[in-house]
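Chemist: The residues making up each chain are set out below.
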Amino acid sequence: MRRVRNRWMQPAINLAIVVALLTALSYLPPDTSLADRQKTGVLKLCVPPSYPPLVTGDPNEPGFDIELAAKVAADLGLRLSVNTLSSIGKDFNPRNWALTRAQCDIIAGGVADTVQTRSFLQTIPTPIETGWVGVGKSPELPEAGATVAVLAGSSGLDRLQVSGWLRRNGWRTMPARSALQFTGVLDSGAASFGVTERSGLAALVLPAGVEVFALPAAEFPQYRMAFGLWKGDQTLKRAVEAAIGKLERSGELARLADRYGTKGYQRFSQELVP
Amino acid sequence: MNRTMMALRGLYGVWLREITRATRDRAQLIGGISRPLIWLLILGVGLNPYFRGEVYGEVRFVIPFTYLQFLFPAVIVLNIMYTSIQFAVSVIWDREFGFLREVLVSPMPRWLILFGKVLGGATVATLHGALVLILARFADVTLSLEQVALALALMFTLAFGLTSFGVILAARVRSFEGFGVFSNTVILPLYFTSSSIFPLDPALTRAQQAVTYPEWLVFLVQINPITYAVDALRGVLINFNQFTPGWGIGIIVAMAVGFFLIAIIDFARQ
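Protein chains in written order, with our numbering: chain S, 1 to 274; chain V, 1001 to 1270.
Quick caveat, the hints were computed from the structure, so don't treat them as lab data.
All the given hints hold, so there is nothing to weed out.
Facing chain V, from chain S, some residues (calculated, C-beta under 10 Å): (1) N14; (2) L25; (3) A102.
Pairwise CB distance ranges (calculated): (4) S:K137 / V:W1216: 50 to 60 Å; (5) S:L180 / V:Y1213: 43 to 53 Å; (6) V:E1054 / S:G261: 28 to 38 Å; (7) S:T100 / V:R1024: 51 to 61 Å; (8) S:Q161 / V:E1054: 20 to 30 Å; (9) S:Q10 / V:E1102: 22 to 32 Å; (10) V:M1006 / S:E219: 53 to 63 Å; (11) V:R1269 / S:E219: 50 to 60 Å; (12) S:Q10 / V:V1181: 30 to 40 Å; (13) V:I1223 / S:K137: 53 to 63 Å.
The model shown is predicted, which means the values in this text are computed figures rather than measured ones.
Built from N, CA and C at the ideal position, the CB exists for glycine as well.
This is chain S alone, in the form it adopts within the complex (with noise of 0.2 Å):
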C-alpha cells in the first residue's frame, strides 16, 4: 500500500503545482478596459433618440434600458454619462451610424442578442425578448401572391430569413420605410399583412383590428435584447455581466422591468395559421 502511495505521489504533486499555476493564471486580466473606466470614472452609454420602452426620451422616465446602465454604473462605482445619438438606427448598415470606441463604451436601446450583432460586438442579453413577428388582421397567412409590407428595424435581426421566407410563400414584398407607412398600408389593405421586429411595436400606432401575431416559432426563434460591448473588452464585460446578475438576483431587474411594463411591451396573440 505504502510502494503504491509512493508511486504516484510525485506525478500527483507535479499535476498539483501545474493546476493551480494554471488556476491562479486563469485569473490575469486580458484587458484594460475595466480599468480604464475606473480611471476616467465614467461609463459611456450610447443610445439612439427614441426606441420605447428600452429608451423615452423622457427625463422623468428616460427608459429601461437607461435605467438599467444606471444602476450598472452605480455598481461598478462609476458615472453615467448618455450620449444620445440620433445617427443609431437610421441606416440598416450599423457602420453608417459611425460609433466609435471613443463615444461610446456601450451601445443599448434597440440591440438584438443575434449572431449577425455579435460578429461586430460582444453582447449582454437583457430580459426582454425581440424577433420577427407578423401583423395584420387575421391570424391566417394570405395566398401566395399577396402583397406583405416590411418595417425592417436596425436591431441586428437576420434579414435574409425574412426575405427567404416571403420568396418561399410567393408573397410579395412592400418595404415600409418608416413606421407611419408601415401601419398606413395596413390599414389601407395595400397590405394585406406586414412584418416587423417584436422590439420596435411599442413605437408603432396600430389601426384598429390589427394584431401581432407570432411567426412560425421553427423559423423565427425569439432572440434577447442586449448591452453591446466592444469586442475584445473582456474586463468590462464581465464586470458588467457581474453588476447584471447582482440586480436579477436582487429582483430589481424584475422590478425594473414591470415598471416599463416589458410584458406587455412583449404580447402578442398566437401563432399564425398556415
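Starting from the known structure of chain S, fit chain V onto it as the hints suggest.
Modeler: Chain V alone, transformed into the frame defined by chain S:
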C-alpha cells in the same frame, strides 16, 4: 489466469508505464503548460487589440466571438498535437535501449502492445489538452459539464489518432535528433494551416475567400485534416463551426482508425 486476463494485465502494464513516465517527467508537464501560456496569454492578449472593433460594423475578423475565444480550442489541439506526436520519442527510446525487444518477446500480441502504448500516449495528450480547459475563464469561454465531457471524448480520439501518427513517424526516423527536427516540420505547418489563428468565413464561397486569402492558402486549409479537428472542437466549446459539423467528428475518427492500422503494420515490421 486465462489468456484474456493475462493480455489485459499486459495492456494495463504497458499503458501504466507510459502514464508514469509522462507524469514523472517535469519537462513534459512544463511543455504542456508553456504552450497555452504563450498562445493564449501572450499571443492572444497581444493580438487582441488588432482584432477588436473600433467602429461599430467595422471589424476585420467577422466571427461572433472574440479572438481569445476563437483561439482557445485551437490551443487545445496544439497541445494535443505536440504531446501525441512527441510520444514517438518514447517509441524510439524503447527501441534504442532494448526495452522494446524485451516487450516484443512477451506472449502479448504485438498489436496489443502497440495499443497499450498508444492508449498511454493518448491519455497523456488528452491530459495536456485538458490542462488548457483550466484557462477557459481567462478566454471567457463558459463550459457546461456536457461540453467538457464531449470535448474530452473528441480530444482523446484525436490524441489516439495523432499518437498513432507519431508511431508511424518513429518507424521512419532512426534518431532522436532527426525526430526533433522532423516533428516540428510536421506539427507547426499543420497547426498554422488549420484555420487555428485566422478564420475562413463560413458564409463565403471559395471565390470570395480567395479575395481575403490567396487561393493556395485556402486550399491548404481545406485539405488539412487538423482544420476539421479544430472545427469540431470549436463546435463543442464555443458553438461555432466553419464547416459541416459532422465532418470534424468523422475525420477525427477516421484518423484514429486509419493511423492506428498503419501503425500496426509498421510496428509489426520492427
